[in-house]
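**Q** The primary structure of each chain is shown beneath.
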Amino acid sequence: MSSIPILKERQQQIHRTGEEPFTMTCGQHSVAGSVSQRACVFCGSRVVLYPIADALHLIHGPIGCAAYTWDIRGALSSGPELHRLSFSTDLQEKDVVFGGEKKLYRALVELIETHKPKAAFVYATCIVGIIGDDVDAVCRQVSRETGIPVLPVHSEGFKGTKKDGYKAACEALFKLVGENPVDSVSPRSINILGEFNIGGEAWIIRDYYRRMGVEVVSVMTGDGRVDDVRRSHGAALNVVQCSGAMTYLAEMMKEAYGIPYIRVSYFGIEDQSRALYDVAAHFSEDPAIMKRTRGIVREEVGRIYPELQTIRARVGGKRAAIYVGGAFKAFSLIKALRQLDMDVVLAGSQTGNDSDYKTLRDMCDDGTIILDDANPLELSRYIIEKRADLIIGGVKERPIAYKMGIGFCDHNHERKIPLAGYEGMLNFAREVCRTVTSPVWRFAPARQ
Amino acid sequence: MLLRHTTETIRERKALTVNPAKTCQPIGAMYAALGIHGCLPHSHGSQGCYAYHRSTLTRHYKEPVMAATSAFTEGASVFGGQANLLQAIDNIFTVYDPEVIAVHTTCLSETIGDDIPQIIGKAKADGKIPDGKYVIHTNTPSYVGSHVTGFANMTKSMVDYFAEPSIPRGKQINLIPGFVEPADMEEIKRITSVMGIETILFPDTARVLNGPMTGTYRMYPEGGVTIEELKRTGGGMATVALGQAASGAAARALDVKCKTPCHILDLPIGLHATDRFVDTLRRVAGVNVPECLEFERGQLLDVIADMHQYFHGKRVGLVGDPDQLLALTRFLVSIDMHPVYLVTGTPAGKKFKSALREAVKDVPAEVKIQVPGDMFLFHQWIKQQPVDLLIGNTYLKYIARDEDIPFIRHGFPILDRVGHSYFPTLGYRGGMRLLEKFLDALLDRKDRDSTESGFELVM
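Chains as they are written, first to last, in my numbering: chain A, 1 to 448; chain B, 1001 to 1459.
Keep in mind that the hints were calculated from the coordinates and are not lab data. Just so you know, even glycine gets a beta-carbon here, dropped at the ideal spot from N, CA and C. Treat the hints with care, as some may be off.
These stretches of chain B come out as covered by chain A in the derived footprint (C-beta under 8 Å, 3 or more residues) [what the hints assert, rightly or not]: (1) 1044-1055; (2) 1062-1070; (3) 1074-1082; (4) 1116-1126; (5) 1212-1224; (6) 1360-1366.
Using the sequences and the hints, build the whole thing.
**A** Quick look at the structure:
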């Protein structure tokens, strides 16, 4: 296994910290023929918009794109569940030949009449781009006739990477922003961007801000509602989580409405606390907010600290490998794992950029492997070399970890419990502990 | 109620599929290709396609699923994907060193019109395919058929590329198992092995997607039909194919190409279908049915006899792929149950629909059939008149929960339970397992809903 060759084109996407020079190539399209763990533009758009629960999400294309994204991850809603259904124009051969516009029109009209959504998103998939359906025109027409916003999402799979899909989603969202009055919005108010409520995180975070005395106008898009997005331009500050997904929308809102934004992470005690303090600092004209924030941090940390110490004693010194979608998540994970006294021996992402990787290099100890857009052979090779006890990744990494007899923690779509906030940190610590100390690994044949 | 948006009134939908009972062709082709030993499936399209297929197969089998992609860009979509596929073939043999690359297309590359055989020819001419290694392909446009069609197409391509007509007629029988679980493939091999028949089964995902934990990650697990075996199928005495939709095309192709007479049967689910399977094998191989199989058959019959009171008249709703749907329906009718709602997402044709209709002709209840249909319509039927039991893939769990109906997972995909890849539902033993599942579901419900006075210890 250790003798597997690395593609020449990929050598610049792998770095061992402490070695010079540091020339990480990234942001590139995957090499053809690679077994990358990445997805496409459509996937990026779909994950960003999907949690808006009172909107209709219609996927225009052959059935696959709708089938594979039907409720595949938690996007918890406290109200409507329309987003958990799967709607597709299910294009057939004759549609590909003669065009799918009529079908799209009929589908939209029918669905809007039946379900009365607040807005509709229409996702264009690969072949829609090729056969040349004028999705924009159909959306405009239906919007006129039904009186609700019908928004095209240009998410043809081949038009870039998952990141371009985030951008297409942000463009669609931006069309909703500014549509509703904002008279009732407090001057001490924020939007939470880039939080998708996969395991109920949005509810936890919303509550912290509420207790601080800050109004949350909208969460984009966790437990999202169309009307909240429409008045989101009334907020005084955008608080953006995650490096890639929604910074673009924050930029557009800054440009159009002059709303400043800050980047935060809600993962781990350190970053979660910073996310609260930074917002409090923004509203420094009201010192009571900062005072309350200190109280919240003290109270919340105090609540989880004793159990974290117990867990730390059990998992301390174990080695972890991180392979996640965005690099920003990797930063938080490294800090959180340090809190548990664990060593990070590998850190990689699917979509990190140059400065992300520099940050990673600076954060990690010497000898840590840093990977961009890795394939399973590379992952398993370095995981064995580094004798990792834990892999943190997504759906495709899980069985690889288990086959090698290594613990696994899902930090992606398939997490079932919230990992954000203080209680999320405790959940994370418990999950890590459960897997790395599981008795099953005692029966695992020795790793080679 | 998760599906509170399901309306009770049914109105005809012309342009729309809601909650599909199918997915697209390429994933079936990928699954079939994993049944060749040392094969790396390759998706000629955007990166997302293969990511979704790999994720879905991984969730279903809880095993690593390897595949490569042409990673189409905007340029490839304008100028064609030849350069991508050539580079991919070169990279794959250099880094991942498979025995064979099995290329399938996507809606994107089909619509652009990439000519895959021509590209493979060019790769060969350029020396990108090492000696003794192979690149095969199948066309799997996502806007035609379903995942079952993709499976059938890739299986047929194995015949087209490998079966050698010139091989002298041997004693072995070719078996095409259909889009079934690795455990089912294993069970078919066990049945033929106890009958003393030499066989080649393809594709064969046993020991590929239900392998043991070994402490190492193997890109190419030990299972799968070998290229050598695929070549020898041309010299088979006969071909026994299970399931018209998934296996018919390959069986007929083998018959035409190599004059290997084919017998296309139902999937051997339940007593009668397994009888026909075993009897066909007995006749074409000229062997006797061993006592151990007769014993298993007797056991299956015994369970049906012991519990027939509980099966009688139970209304069942099924959503599944055509081959499973037809075989299960026949099995249910044979044990006196009433399959009343039947849906497949696959456009399986009029003949299939009439076969289903024929299978339920003696059911004393109104039977609704939709081919192709979706789960939204199926749910509407249930809202109008409920059933006692649901059988289908994991997506039925929403309906099961909302309508509070016992539910058995069967088919593809199963994303939330284990067992399906280890324990077969084909053959006599598989039939017993199905009965156990039916009874567990029905009797658990009876226990839950019984009044205190009607609650029984012995059932």
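**Q** Hint by hint, note whether the structure agrees.
**A** Taking the hints in turn, this is what the structure says about them:
1. 1044-1055: holds (count 10)
2. 1062-1070: holds (count 9)
3. 1074-1082: As far as the segment 1074-1082 of chain B goes, the hint holds, because 3 residues have Cβ atoms under 8 Å from chain A.
4. 1116-1126: Violated, because only 0 residues of the segment 1116-1126 of chain B bring their Cβ atoms closer than 8 Å to Cβ atoms of chain A.
5. 1212-1224: holds (count 7)
6. 1360-1366: violated (count 0)
The structure fails hints 4, 6 (numbered hints given earlier, in ascending order).
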